[in-house]
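**Q** Now for the letters of each chain:
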Amino acid sequence: MSEQPMRPATPMLQQIAEHHSLLQRFMGVSKEWKGFVFLLLAGFGLANLAIAYVVVDGRLDGHWYDIRDLGNAVAGLRGWMQDEGFHPAVPYVTTALLGALGILSVVGGWLLIGSWVERRVLAKFQIRQGPNRTGPFGLLQPIADAVKLMQKEVVIPRAADHFLYYAPPVIIFIPALLGWGPVPWAERMSFLDLNVGVLYTIAISSLGVLGVFLAGWSSNNHYSLLGAMRTVAMMVSYEIPISIALLAVVLLTGSMQLSTIVAWQANYNAWLILLLPFAAFTFLFASTAEINRTPNDIGEAESEIVAGFYTEYSGMKAGLFMGVELGNAILVGAMMSTFFLGGYTLFGLETWIPGYLILTTKIGLVYFLFVWLRGTLPRFRLDQLMGYAWKFLIPLSIAQVMLVAIEASIFARWDVPAIFPLVAFALVNLGLTVEMVRRWARALGYAPEIMAQQPVMATTIGGLKAAQKMRGG
Amino acid sequence: MPARRRQGTNVNSTVEPYVLNIGPQHPSTHGVFRVRVVMDGEVIRDLDMIVGYLHRSMEKLAEERTYTQNIPFTDRADYLAAMSGNLGLALGIERLAGVEVPERASYLRVIFAELQRIASHAMANGTLVSDAGAWQTPLLYMFREREKILDLFEMTCGARLTTNYMRAGGVSFEPPPEFWPALKELVAELPGRIDEYMELLADNEIFLGRTRGIGVITPEDAINGSLVGPALRGSGVPWDLRKAEPYCVYDRFDFDVPVGIRGDVYDRFMCRMMETRESVRILQQAIAQIPAGPHKNDIPLALRPPVGEVYSRVEGPRGEVGFYLVSDGGPAPYRFHLRAPSLINLSLLRELARGASLPDAVVTLGSIDIVVGEIDR
Chain D
1 MSEQPMRPAT PMLQQIAEHH SLLQRFMGVS KEWKGFVFLL LAGFGLANLA IAYVVVDGRL
61 DGHWYDIRDL GNAVAGLRGW MQDEGFHPAV PYVTTALLGA LGILSVVGGW LLIGSWVERR
121 VLAKFQIRQG PNRTGPFGLL QPIADAVKLM QKEVVIPRAA DHFLYYAPPV IIFIPALLGW
181 GPVPWAERMS FLDLNVGVLY TIAISSLGVL GVFLAGWSSN NHYSLLGAMR TVAMMVSYEI
241 PISIALLAVV LLTGSMQLST IVAWQANYNA WLILLLPFAA FTFLFASTAE INRTPNDIGE
301 AESEIVAGFY TEYSGMKAGL FMGVELGNAI LVGAMMSTFF LGGYTLFGLE TWIPGYLILT
361 TKIGLVYFLF VWLRGTLPRF RLDQLMGYAW KFLIPLSIAQ VMLVAIEASI FARWDVPAIF
421 PLVAFALVNL GLTVEMVRRW ARALGYAPEI MAQQPVMATT IGGLKAAQKM RGG
Chain E
1001 MPARRRQGTN VNSTVEPYVL NIGPQHPSTH GVFRVRVVMD GEVIRDLDMI VGYLHRSMEK
1061 LAEERTYTQN IPFTDRADYL AAMSGNLGLA LGIERLAGVE VPERASYLRV IFAELQRIAS
1121 HAMANGTLVS DAGAWQTPLL YMFREREKIL DLFEMTCGAR LTTNYMRAGG VSFEPPPEFW
1181 PALKELVAEL PGRIDEYMEL LADNEIFLGR TRGIGVITPE DAINGSLVGP ALRGSGVPWD
1241 LRKAEPYCVY DRFDFDVPVG IRGDVYDRFM CRMMETRESV RILQQAIAQI PAGPHKNDIP
1301 LALRPPVGEV YSRVEGPRGE VGFYLVSDGG PAPYRFHLRA PSLINLSLLR ELARGASLPD
1361 AVVTLGSIDI VVGEIDR
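Listed in order, the protein sequences are those of chains D and E. FYI, the numbering for the first sequence is 1 to 473, going by the working numbering. FYI, the numbering for the second sequence is 1001 to 1377, going by the working numbering.
Don't read these hints as lab results, they were simulated from the structure. Being a predicted model, the structure only gives us computed values, none of them experimental. Check each hint, because a few of them may be wrong.
Part of the chain E face toward chain D, derived, beta carbon under 10 Å [to be verified]:
(1) 1132
(2) 1271
(3) 1282
(4) 1284
Don't be surprised by glycine CBs; every beta carbon is placed ideally from N, CA and C.
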């Protein structure tokens, strides 16, 4: 009998076998790949060196051209196109496409790195290993995940509303990308330096509700609907504290332009988190609610409603939802860094290091904080979370806005070196915040000494009578 | 309501109730337990508990097997506390047949039962916090200790989960020499670990907010519902079989019984936590006191107890594990009944969950700590 090659029993197994061999082939040529990657990196480094040489040498028609100033490069391109006599629309469309491409590549890279970081760091928090099979330290895990998700079968519930069911994974991506528009990556380096950047940010962040609600509604599943209702209620509630927290920032810096806010912080060497600790906390907490992350991930509370609004999504559609979640976390990190952590500046270091690297580091830190929270905290209940927004965050934020308004007018009128009022504001705000939070929490009925009463040791053994005796005595 | 309706405002805006099916595959049903919930928005109006997805006809099968052959069934009933089930049945058979147990075997039984209690409570508390939304972190930390305990089981009897360790007349194996240093190391390490969990969870605001005042059981309700174990003690009834009617050698140890003061989820959680500490105390004393000697008495393989009946009960991690055995003089029991603590504790869920919101019901179910293998048998 001749040797028959072993045939997989089902087409699916056949597919799996083929994919497996693909993977093996990929692993087999890893040396060449390594060489390729090395060449790529070396080329990148050489190019950098060449440009640095040009910069240091001061060529380029005697203009001081700075590699960090990518915004200027695009402006130069636009200027060149206008000079060449293209149709007026062409330069704008071209530069817009270039910017969009830049943002897409940055966000895409972040998604890959972020998902690896989340899994790996969370694993370390949970005394596990985390991904460690695909590539060094499991670094290729996001790619493997994406490939796996893409080749998975997409199951659509028969009772789902088909058109609406397809739309949300795409719709939900739009605000996650648009939000990057006004973020200043370095000086004169942002896609869309709007003078109403804060307003734009708030407006865009409320768009995410649409996709979530559509997903929950169209799936025709009670879990999905519950998750969508929860998420919508939460997002609507937490828009308000976010807006008020940013109002404090706007009042103090006197601008709605994100680059100006960063410049203000760089100018006075004062991060706004030091001046407005409560606003920073509100922003961070409300953001975790907006983007569905622990401790506020009630929209997809897995122990209650399985996966919330995307319970019925499978394959890459579910992957897109997860990707958006991650992308939103990174976007919030960028916003947090820009508004409260000095953006792309770091006490003068931005003249030596590219600003986008500083911003990236800060985003990474905020993202690490999110992962840390996820690995540590339990989840709030829906009513607790709503109560927290309406009873606690909003009144205190309004009080803080009043305080900041007074401080801003003092700051504008008081003719002394800025360091004195700023230090005074920081101290006053911190002290008042702590005191306000404590008193307000007490007024709302917060009583830790009663809450944390622990069980007592039994003095007798018995039934109801013993219980009553213990309770009475 | 009608009076207001005449004014033209739609005040009566109650949502039409809908039915939500939770389980048998659901992250927080702890196995294949199924609940059909009638919900009004997020609030539970009514619920139907549907069990039987893991039914294996254990009690009927037991009537065709010898007494020793029935011991493995107790592993599969409460698969998170196999040792306690083993112990309950072994004690029942001994009382039915009048078999003596050597003293060392009694100490070994206590040691393994208490280790099992720690492992089971770790699992219960870990899943409870997981249900409250801490994404698996406490669960995995508590698994660290559980793993070490299961390693000890494996060392001794070869199995980690379905131990089949206790026998009528003693225990099946003497622990190997490497068992004792490992046990001592674990016992020395455990108090620090428990303190760590207390630090993390006992004062955690979110956890307190999620568990304080949720799923309150009054002592009267608890007794009327014949609850047992931490569910009973959490609601303030100081009842522990190890104290009330000491079996094995529990009367020789100095330990306390923690009793909750409010009867809510948090109290049940803390009772388990503190019971773990007491178990460590018992282990320390048992290790110090254990005498030398045989680990079992030889009994005939096909044991034929005299005609009679017996109800033996021990305090398992979930409460009173009871075995009702009827002998007709043959090698197999005429009737074998298991009083499963989970099943009876679960019966109160409907009352607790009515009017509560879905997250609260999930946490309450977690605090009752069910094992479906035991409910369905």
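**Q** It remains to establish, for every hint, whether it holds in the given structure.
**A** Evaluation of the provided hints:
Taking 10 Å as the C-beta contact cut-off toward chain D, the hint placing residue 1132 of chain E at the interface holds, the least distance being around 4 Å. With 10 Å as the threshold, the beta carbon of residue 1271 of chain E comes within range of chain D, its nearest partner Cβ sitting at about 5 Å, so the hint holds. Given hint, residue 1282 of chain E at the interface with chain D, is violated; its Cβ is 14 Å from that chain's nearest Cβ, farther than 10 Å. A cut of 10 Å between beta carbons decides the hint on residue 1284 of chain E: the least distance to chain D is about 17 Å, and the hint is violated.
Of the numbered hints listed earlier, those contradicted by the structure are 3, 4.
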